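Line by line, the protein sequences are chains A and B.
Per full-length UniProt numbering, numbering of the first sequence is gapless, rising by one per residue and ending at 325.
Per full-length UniProt numbering, numbering of the second sequence is gapless, rising by one per residue and ending at 537.
Quick caveat, the hints were computed from the structure, so don't treat them as lab data.
Please read these numbers as outputs of a predicted model, since none were measured by experiment.
There could be a bad hint or two in this list.
If you want a taste of the chain A side facing chain B, the calculated C-beta under 8 Å gives, among others [to be verified]:
{"#": "1", "residue": "Ala32"}
{"#": "2", "residue": "Pro66"}
{"#": "3", "residue": "Glu97"}
{"#": "4", "residue": "Pro100"}
{"#": "5", "residue": "Ser160"}
{"#": "6", "residue": "Phe171"}
For lysine to any residue, the following SDA-like pairs were computed, each having C-alpha atoms within a straight-line distance of at most 20 Å [as the list claims (entries may be wrong)]:
{"#": "7", "chain 1": "A", "residue 1": "Lys89", "chain 2": "B", "residue 2": "Gly186"}
{"#": "8", "chain 1": "B", "residue 1": "Lys130", "chain 2": "A", "residue 2": "Phe58"}
{"#": "9", "chain 1": "B", "residue 1": "Lys236", "chain 2": "A", "residue 2": "Leu166"}
{"#": "10", "chain 1": "B", "residue 1": "Lys452", "chain 2": "A", "residue 2": "Ala54"}
{"#": "11", "chain 1": "B", "residue 1": "Lys130", "chain 2": "A", "residue 2": "Glu53"}
{"#": "12", "chain 1": "B", "residue 1": "Lys465", "chain 2": "B", "residue 2": "Pro480"}
{"#": "13", "chain 1": "B", "residue 1": "Lys130", "chain 2": "A", "residue 2": "Glu97"}
{"#": "14", "chain 1": "B", "residue 1": "Lys98", "chain 2": "B", "residue 2": "Pro149"}
{"#": "15", "chain 1": "B", "residue 1": "Lys131", "chain 2": "A", "residue 2": "Leu55"}
{"#": "16", "chain 1": "B", "residue 1": "Lys207", "chain 2": "A", "residue 2": "Glu97"}
{"#": "17", "chain 1": "B", "residue 1": "Lys98", "chain 2": "B", "residue 2": "Val478"}
{"#": "18", "chain 1": "B", "residue 1": "Lys180", "chain 2": "B", "residue 2": "Glu159"}
Which chain A residues stay away from chain B? Per the calculated CB distances, all over 10 Å, these [to be verified]:
{"#": "19", "residue": "Leu28"}
{"#": "20", "residue": "Thr51"}
{"#": "21", "residue": "Phe58"}
{"#": "22", "residue": "Pro147"}
{"#": "23", "residue": "Ser272"}
{"#": "24", "residue": "Arg278"}
{"#": "25", "residue": "Gln286"}
Every residue gets a Cβ at the ideal spot worked out from N, C-alpha and C, and that includes glycine.
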Amino acid sequence: MRILSLAGRRLAASIPTLILILIGVFLLLQLAPGDTVDALMAQMGGGDAATAEALRKFYGLDLSVPAQLGNYLWHLVRLDLGFSAIYGKPVATVILERLPPTILLMTASLSFAFFFGLVFGVIAARGVNRWPDTLISTLGLIFYATPSFWFGLMAIVVFSVYLQWLPPGGFEDIGTVQTGIWRLLDIASHLVLPTLTLGLIFLAIYLRIMRASMLEVLNLDFIRTARAKGLDETHVITRHVLRNALLPMVTLIGLQAGTMLGGSVVVESVFSLPGLGRLAYESVVQRDLNTLLGIVFVSALLVIIVNFVVDLLYARLDPRIAAEG
Amino acid sequence: MDLTRLEINRRTALLTSAAIAANVINPMRAFAQETPRKGGVFNVHYGAEQRQLNPSLQASTGVYIIGGKIQENLVDLDANGQPVGVLAESWEAAPDGKTITFKLRKGVTWHDGKPFTSADVEFTALNMWKKILNYGSTLQLFLTAVDTPDPQTAIFRYERPMPLNLLLRALPDLGYVSAKHLYESGDIRQNPVNLAPVGTGPFKFVKYERGQYIIADRNPDYWRPNAPYLDRIVWKVITDRAAAAAQMEAGELHYSPFSGLTISDMARLGKDKRFIVSTKGNEGNARTNTIEFNFRRKELSDLRVRRAIAHAINVPFFIDNFLGDFAKLGTGPIPSTSTDFYPGPDTPQYPYDKAKAIALLDEAGFKARGGNRFALKLLPAPWGEDISLWSTFVQQSLSEVGIQVDIVRNDGGGFLKQVYDDHAFDLATGWHQYRNDPAVSTTVWYRSGQPKGAPWTNQWGWEDKTVDKTIDDAATEVDPAKRKALYAEFVKEVNTELPVWMPIEQIFVTVITAKARNHSNTPRWGSTSWHDLWLST
């Protein structure tokens, strides 16, 4: 019950933010020269003025900007995200189709980054300033400094073109129809490279944070107490240090869940995955306002939800936070 | 097609990399004896998804590459670039040029089993080509009716004379037929058939997963005997060019059409025996790079300044160093691949001559103060790597004669809006896509009176009554020889006045697996139905 009321309060507090974001994006896109008909003309390779006029009417662009905005918000109140100009389908359907690959990719790479960040962070902190630390930190820096598109392309060249171990792109194999566990394995094999590409960059951040916060916690008084009690080192690390050192990591996950959605435009393009990032990019280029606003809306909702879950996790990790909240 | 062969020979002579040349010429000879094999899946790179797939409604390569296998046109071009019947078997024009009669093929059925008749042609011509299809609406502006005395006859009636050779050059692109029974009720633009096309072609639409792939399977009831050979075509949506090149190498793609890869990847794959990289089969999709001048700037309204700008840019140097074998020096708005209309290089040209450029600018009264004469805003179109490179090259070349150029980049919609509607440019550069007849694609770049906002038309603030008259005369001239002469006159006039300069000629580049047979054998091969394409083992 407490969780529900907390969730309710959180949601109510986010609604004004959400509306401001939507209006902001709407107005921002008005500033970009050209509308969806210009974008369509660019794609078609030309068309006469009468066609353009008919198309503007068709897409509802003959109305004034405030009228368009009003229309959009009025539809949104009734939970209608509108109609997509490029897809000719309701925006909600378009986004729902694209959501599974994005969420799959996002969870997979965040889990990858979180898990290995944690493990390497702990190893680095235990051997601080010795060779494991230097090695891990250097690798982390390299991963962090490498642009993801280059990483992705190199992964394709090595694992798909030369070694031919993994498929070079796409979400699943089109040639053969698979069901059940085989389909699952097929999708998984398609997601290995994109997950690694996206995950490696985040891995670097996680391991730095983990290392720093481990080092900080290791110097605190209660660790000395734990050691004085005669606990063995493994016990000290897993039961006392890790739990406290995890808080900044959890904060980071909350922050990054949002960026992951945007950050995957590159990875989705390189690996030809049908995700939300590519959809957003395409909507901007095609000036498909409804779809773009829909994506902003859904992403904002996702961020709100993830942050809510993060808050709950805080409370579990550190009961003091729950008591104060 | 003589010019194509000539061009390949010219390329061959010039090629530094013999491997590309070998690939261009050898396959046809080496495999001529093979017997066609049935079966196989052909995987095609699809770079930019469109909003719909029906070529009766949208004339662009992004639609033809898919819709052109499913739906068919009345007429296409044969290996020599001459019109050949597809859904039409024969045609005839009345001497006054106002009626053109098509005899249609018998025994053709739509993929849903209904027969194809002249009613379909009438419906498509009047409701799609004339009203919705880009370029079609201009071409069919004076079409008043299509009579259908019997199911195999369609008589096109025009208010003004329609040159038969113009119509026949235009119909391969602008003559795809849709089924009346699927479109007659409801809004044509919103018809779900647009994304699940039904046609008479060799391949039947199966599935479209947006953002991923499109599948079409062999049509067992296709009207051509023993065709098609392929079992299935899969178009894979891959937006990243470098990733598409990697997929070609991994064997996941067989064909990347219309210069879909980066220039460096195309050059690299051209040296790989597994692929054929060539401009062959794209002669019907020639384009020229442009420099468009805004006459609202007083400097640019001076002919001497426009000529000076042209003289200041070393085009051969640019082609050799940036575009390589995929481009050549252009001579005007009608490219050399256009056998019917190319007037030859004997029109006013502006070879690189820096001293002359400087002299012209001085003469026009724009003296250099502190190295700078004036500043111009250059808007490059975002369609291709070459345009981006070209705009930088223009910037640097012009700075050497004292003209400062600021490059302003936009995406597609933004570029069209700023140049052709807001006129917020001094110089613009992009592609002029030639569509086999100057009246279809080219004269709108020069004819005055274009409505504001119409992309790729004369929005330069330039008007010339002589040029207007030549254009109008040519558009309704029914004698092919006289038409050709009028267009030669037109090129001379616009190359003299230079409202738009078209100094580079390019043809799209095809990258295709060396296993493919019967490919690239017509001037618009990527857009055609592929009924005879097959894959060797």
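Against the structure, the hints:
The interface hint given for Ala32 of chain A holds, since its Cβ lies 6 Å from the closest Cβ of chain B, which is under the 8 Å cut-off. The restraint placing Pro66 of chain A at the interface with chain B is violated, with a minimum CB-CB distance near 21 Å, outside the 8 Å limit. About 7 Å separates the beta-carbon of Glu97 of chain A from the nearest beta-carbon of chain B, less than 8 Å, and the hint is met. The criterion of a C-beta within 8 Å of any C-beta in chain B is not met by Pro100 of chain A, whose closest approach is roughly 12 Å, and the hint is violated.
About 5 Å separates the beta-carbon of Ser160 of chain A from the nearest beta-carbon of chain B, less than 8 Å, and the hint is met. Taking 8 Å as the C-beta cut-off, the interface hint given for Phe171 of chain A holds, the closest approach to chain B being about 6 Å. Of the supplied pair hints, the one linking Lys89 of chain A and Gly186 of chain B holds, its CA atoms being roughly 16 Å apart against a limit of 20 Å. Straight-line distance between C-alpha atoms of Lys130 of chain B and Phe58 of chain A comes to about 18 Å, which keeps the hinted pair within the 20 Å bound.
For a cut-off of 20 Å, the pair hint linking Lys236 of chain B to Leu166 of chain A stands: about 17 Å separates their Cα positions. Only pairs whose Cα atoms come within 20 Å are accepted, and Lys452 of chain B paired with Ala54 of chain A is accepted, the gap being roughly 15 Å. Note on Lys130 of chain B and Glu53 of chain A: the hinted pairing holds, with a Cα-Cα distance of about 15 Å set against a maximum of 20 Å. Using a Cα cut-off of 20 Å, the hinted pair Lys465 of chain B and Pro480 of chain B is violated, with the two alpha carbons roughly 23 Å apart.
Among the hinted pairs, Lys130 of chain B with Glu97 of chain A is inconsistent with the structure: their alpha-carbon atoms are about 36 Å apart, more than 20 Å. Distance restraint check for Lys98 of chain B and Pro149 of chain B: the Cα-Cα separation of roughly 17 Å lies within the 20 Å cut-off, and the hinted pair is therefore satisfied. Under the criterion of a C-alpha separation no larger than 20 Å, the hint pairing Lys131 of chain B with Leu55 of chain A is consistent with the structure, at around 12 Å. With a CA separation close to 15 Å, the supplied pair Lys207 of chain B and Glu97 of chain A stays within the 20 Å bound.
Under the criterion of a C-alpha separation no larger than 20 Å, the hint pairing Lys98 of chain B with Val478 of chain B is consistent with the structure, at around 10 Å. Between Lys180 of chain B and Glu159 of chain B, the direct Cα distance comes to roughly 24 Å. Violation of the 20 Å bound is thereby established for this hinted pair. Its beta-carbon lying about 13 Å from the closest one in chain B, Leu28 of chain A satisfies the requirement of being farther than 10 Å from that chain. Consistency note on Thr51 of chain A: stated as away from chain B, yet its beta-carbon is not over 10 Å from all of that chain's, at 6 Å minimum.
Against the 10 Å criterion, Phe58 of chain A falls within the reach of chain B, whose nearest CB is about 6 Å from its own CB. Under the 10 Å C-beta cut-off, the non-interface status given to Pro147 of chain A relative to chain B holds; the minimum distance is some 12 Å. Listed as a non-interface residue, Ser272 of chain A fails to keep its Cβ farther than 10 Å from every Cβ of chain B; the least gap is roughly 5 Å. Under the 10 Å C-beta cut-off, the non-interface status given to Arg278 of chain A relative to chain B is violated; the minimum distance is some 7 Å.
Listed as a non-interface residue, Gln286 of chain A fails to keep its Cβ farther than 10 Å from every Cβ of chain B; the least gap is roughly 7 Å.
Hints 2, 4, 12, 13, 18, 20, 21, 23, 24 and 25, counting from the list given before, are not met by this structure.
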